[in-house]
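S.K.: Now for the letters of each chain:
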Amino acid sequence: MSDGAPLLAARDLEVAFGRGPDGFRLRVDELELRAGQALAVLGPNGAGKSTLLRTLAGLLPPGPRGAVRSPGRDVALVFQRPVLLAGNVAYNAELPLWARGVPRAERRRRARVALEEFGIGALARRSAQTLSGGEGRRLALARAFVTEPDVLLLDEPFDDLDDPGREALSLDLRRAIDERGIAVAMVTHDLRQALLLADRIAVLRAGRLVQVGARDEVLRSPADPGVARLVGMTNLLAAEVTQADGGRLRLRLANGRVLSAAGRAAPGAPVWVGVRPENVRLEPARGDLASSDERAEVVRLVSDGVVATAWLAWDGVELRTHLVAGRGLGQALKPGAPVAISIRAEDVHVMPRGQNASEK
Amino acid sequence: MRDATRVAVLALLVAGCGAGEEPAAAAIDVATTTSTRDSGLFDELLPAFRGATGIEVRLVVVGSGAALRMGADGDVDVLVTHAPEGELELVRAGKLVDRRPFMENHFVLVGPGDDPAGIRDLPASAAFARLAERNVHYASRADDSGTHRREQALLREVGLDPEAGWPAVLRTGAGMGQTLQVAGERRAYALTDIGTFERFRTRVDLEALSPPDASLRNLYSVLRPNPDRYPPDHLDVEGALALADFLLSPATQARIAAFGKNPSGRPLFAPLFAPGSEP
Amino acid sequence: MSPLVWVGVAEVALRTLAVSASALLLALALGLPLGFLLGRHRFPGRGLLAAVANAGMGLPPVVVGLVVYLVLRRGGPLGSLELLLTPPGMVIAQVLIALPLVVGITLAAVGALPPDWHLQARALGLRGPRALWVLAREIRLGLLAAVIVALGGIISEVGAVQMVGGNLEGQTRMLTTGILMYTQMGRFEDALALAAVLMGMTFVLAGTLTAIQQARRA
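Protein chains in written order, with my numbering: chain A, 845 to 1204; chain B, 416 to 694; chain C, 715 to 932.
The hints are simulated quantities; they were obtained by calculation from the structure and are not laboratory data. No residue lacks a Cβ here, since even glycine has one placed at the ideal position from N, Cα and C. Zero decoy hints are in this set.
Partial selection, computed: residues in chain B whose CB lies under 8 Å from chain C:
#1 G478
#2 A481
#3 D559
#4 R586
#5 T587
#6 E600
#7 R601
Build out the structure end to end from the sequences listed, making use of the hints.
M.R.: Structure, rendered in structure tokens:
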């Protein structure tokens, strides 16, 4: 199992999806799913994510010039709303094996293993129609795993699962990826799980792949503000290049404040500046900073008990930052409190700014 | 209070209904046979009856057997049938009274024009004997109607079992019109009253093959249930008598004589009492 | 009643069963694939066909009888087949009555599945006969309903079989047409005997099918 070998390759996909005036066309020039890797497909609602998975699974025609190749590989797709067939849990789990003509004894054994793996072995004789949402999701996943597919396509696999369930699924997937070298592509709106699992990220918007790359690279350097928002780079500020010098930029924000950044751009060019919330550093404001560039004020503070999110007013620009809840600043800050902020140049991501509607 | 209102409304309704007609609207139930209805005779006579007496007639159209039974059970006020044997039997049993024959016509044996059994112009009994001998299709109503009873009588006459007939007999259990259609479809022979046949002859590919003879005489009578067997108000005796008198009246007899004359000049029914003479 | 009469009743009952069962099987053989097709696939004319099937569910049997009579009569378009007044002719009329019921109910049952049901079945690797088997299993309550409704529609039908079959004794007499005939003849005992057999038959058949349906649901 040569790590990284493409198990499924798609090119020149052209698939209509959606209906009426809102209908889109999925156009993908090239996409590979590689052994031992997980690809997270991110994108807003209606971007064509499910259509992409269905096309990769060979369920939709890839278009006049398109092709999806996965020679000799077993490809399984778990739908966003999996259909559980009338019958018991074991029947559902065995179905893909029955469809492939696997003998009865073998079917039962493998279905039992898959059900145990997803923690629903005890429900084997229950009617699938009586399962809870989470149990149904596990069954759908077990049913996909039962054929030991080489390529696993998952449409919102974490839906209906509680946190331990999500954790367990992530671990199962990770193990299958690492030990059996399978390729996974998943569509999810759960960014945390996607980031936990994904080796690569593909961003789909209006049927187009806007960006495909290694996870950390996409997180650090999103192609545009839309991608930035999808991957959690929520501080997006309009700015202008005032100085460009050998890969170093000086940027002036709308409020007149100045930031340093790495990157290349022409002086005078309008740009977007993206900063991940965790990269906005805070310190309690000292008196002598009263008029400095770094002074900001806490507007709002929300905590989920683990992570606190603070909204800051920075001289007319709003910034968001994450803190550890209940500790240090995360505990001490109150709305109205003055703080000092600092943003390191390597944490500032610069993106071109034009008139493109998709940017915001 | 509410009851009083209801009574008042009812009274108004009744008054409103009766206002235009004199004498007050009455209705009698008359059981008769399909052949009578299918000939269209009643469509001609009943409006005149209503005009003369103000009595509505509700026709119950069934086979003679059922009509006789309804009469015997007092389910209707009057019956008009053409099954003399059955009628007389019930009169003897005291269930029916006042049997008055009022018109007649003929049954006729019909069949395909090429007459494969060769019965054309044979007397009816001889014709039946030959149909049985050749074992050709024959559509029997088999519904205990007057026509069916006559067919059975004719079979008995030539020594055939009236129930079994012969193997090729088709038993429709239906009215005359439908039986004629079955005969037409199957190229079968059939015994029919002349009235229904005249109505259907343009629609079925059949021809009249037998000459009229006494054995094919078809006598229509009006009868009524024996009123002594029922509570006083159970039957409309007056209405029944009015209909019987009407049917035997010279005017009606003249109407019957004129009814349904086809291009060949043959009337469908012959009144028993020549117009002008007293019944 | 004499044993001979009951022999006659049994003969009529058996013919009724044979004719209705043949019609039912034919209607299912034609109607199930058509219902699957209409429920499963989108193609030009599909809407029209579905509308025809749904409208046909309310088709008055006497109208079917009339049309079949006119088509099969001597001199009619198919008169040369000599099917009028025969059991096969009655089967044709009953199939036409039952077919829209089977198609309509099958179509509704298939249509009630989630829109991506067939895609998901394919994703599970189901193809061809196996996919069809799973689909049938999935909508079996609807299919049973189709059988029950179709059977009920034809076994108790009187107008069309009277017109097309002609109620000929020993040839095309059915329980329903016999009841009608005996009632018109005033032979209520015979009518009741046939009615009792018809009721019994309907009850046993409908009861059996319902029992299957309920057992499957449980």
